[in-house]
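Start from the sequences and build out the full structure, keeping to the hints where you can.
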Amino acid sequence: MVKKKTIWPYLLVAPALLIILCVVFIPVVNAILMSFQSYDLRRPNDIRFIGLQNYIAVFRDSLFWKALGRTILWVVFGVGFQFLFGFIMALLLNKKFVARGAIRAVSLIPWVTPGVLIGLMWRWIYDGNNGVLNDILSKLHLIDSNIPFLAQTSTAFPSVIVAIIWQGIPFFALMILAGLQGIPTELYEAADIDGACSSQKLFHITIPSIKNTIYVTALLRIIWVANSVDVIFNMTEGGPAYSTQTLSVYIFNKGNALDLGYASSMAIVMALLLSLVAIPYLASTFKKEA
Amino acid sequence: MAAIMIISLTACSTGATSANKDTTETSEQEENDTNESENVTINFRYWADNTDYSILMQNIIKKFNEENNKGITVVGEETPWDGGAYSETLFNAAMGGGGPDCATWKLTSTPLFMNNNLLADLTPYLDEWDGYSDIDDNMYNVMKEASGTDDVYVMPWNVQVLYVYYRPSIFEAAGVEVPTTYEEFLEAIKKCTMDTDGDGKTDVYGFGMRGGKGGQEPWGSFIYGEGGSFEDLTSAQSVQGMQDFIDLYNNGYVPPTAISDGYDEIIANFQSGLTAMTIHHTGSSANMVEALGDDVSAFPFPDGKGQWTSMGDTETVIFESCENKEAAFEWLAYLATGEGQKMWCEGTGNVPVSKTVQAGDYFQNDPFMKASIAGQPYAGILPILDTTTEWVSSIWPNIVGLALTNNLTAKECMQKLQEELYK
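Those protein sequences? They're chains A and B, same order as listed.
For the first sequence, the numbering used here begins at 379 and goes up steadily by one.
For the second sequence, the numbering used here begins at 101 and goes up steadily by one.
Just so you know, the hints here were simulated from the structure itself, not pulled from any lab data.
Backbone N, C-alpha and C define an ideal beta-carbon position, used for all residues, glycine too.
Fair warning: there could be bad hints in the mix.
Between beta-carbon pairs, the in silico distance windows are [stated by the list, open to error]:
#: 1; chain 1: B; residue 1: 391; chain 2: A; residue 2: 395; range: 32 to 38 Å
#: 2; chain 1: B; residue 1: 250; chain 2: A; residue 2: 407; range: 38 to 44 Å
#: 3; chain 1: A; residue 1: 424; chain 2: B; residue 2: 180; range: 29 to 35 Å
#: 4; chain 1: B; residue 1: 183; chain 2: A; residue 2: 407; range: 32 to 38 Å
In structure tokens:
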């Protein structure tokens, strides 16, 4: 029997497509067009097509390359430690103990806290004169004098990485915990009968069983962390002396300065770089759907 | 991707502005026919440096609403200053068509808004205003200069002249007199840096340096103190002023956090006794007296090879998109010369622009006002260029940060600052 073609499904999908067109497609196309223009709102009478000049300037901009290098470190250390601690937390939360439900709920607090609030909170924790971290370190006799964590180029960047790690651990823990709960207990029982030790069970049962979860979670976090601005901006605004300026913060600062053409060209370059990460994820998603 | 979308949506809003302009022109015609007694609502955006000033502004608004007898209701929209981000937010709102009718203002933002035709010309309203002569002509000239036209787009409100706060008790302990020259000032900073408990660590720093956003204002006094100027930041004198600034940081005469310290930090450090001196204006004097009582006083930034202090101006503007400009001007006039001027300047300690208010006892007897008035003859503002906002909010803190951390020499730093300001 041949199914009758109907317009009804397309009408149902149309509103969603229209919204995506308006809030994603049009702005992206507009940004691509702006990246080929001298589009500085401080000089609105001088907006004109300039070809690849913005891109050439970006690749000659030493701040861009430094910001790119810092973004790689930001993602590698940020996501890497989020995964490590999230994995450990998930293994602990998967065990049966008193008040497990309450602790699982509390452990989500960093994830549900707004990035702006996290930035402000950590800024005061790190404060060089009145910060609680300096107070604790001083009372433990670990330091002789206060450390200006966010005012030194050597400590500012590691400090903001710690804040983003703290924020992202619960997301990894939550996703991995969901994966762990889907592993059949029979596998562990069989391993026990065969005399497998804990590490053998971890590397031969647990990790292989949740590898897809880890893969998808890591890809999503890489994209989100690379794009994140809120935590760094509220802690340091990219300073001191550009020492915490990642690519997304640099784009944000240039956008704020209203040099939208230059900011767009950097954003396009960043989007292309991130697509290297996103494409495998999208490919695997489409493969599953097919 | 998110970055692309944000930037693109910001740019899209320029189109919205043109549409608003058309709407405004129609509204202006309608406005002319509007009876004065009709109820009119004016949205007024402002910032307040602390909660007391916030309450004060709300009281002024309330008083105006109750007493204007013209059916005008002002609705206050408070937005944080946030080291200058206020102006950026205001610009985005105005460009997007969601801006207020009028707002408090900094002159440095004027070119950006003028270039985008966002401000209303106040000249026709000033011409018919009987309070015009209560404000010095020089103030109107500064406003005209900022707009780059012969018309007034910015309404004078109050000025804040930066001076040096000091702790008399620390000066006494260090055996220091109030400095009268730039050299004495640098020497006083060194002498006031002390280890008070003998543990080998500095307990009091001579000066609360502001290396974060907004730090360009006190920094300018060092540049001029050595004979430099904003017009040529690369001159030997300007570079020497920068070198003085670097030396204070590297020799430990300012807190190690100075590189990123902003307003909150310099005030907190001064009030806690961590620093002996810092630079700010009368906007913080009420809080200083409340926290420190008699142990705080002020002197004007002293004379060196040159002399300059920042005139932190605050004005008000009406936006072109405002549909009831006449009513908005009534409110601005109330703030400039009326009861609003008196309440705000007495409550915040800012220097009034109204000659009548200036003559009051409060302003004649206040020691911080005296330091402000003494600084007025050499007070100035940064060059008002379309690059100034970015230079202040992003370029200056980071470039100076590179110099303070010895990643740039004083000369390289000043060359970079010159290039970015005048590009």
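Violating hint indices (sorted, rising) | Number 1 only.
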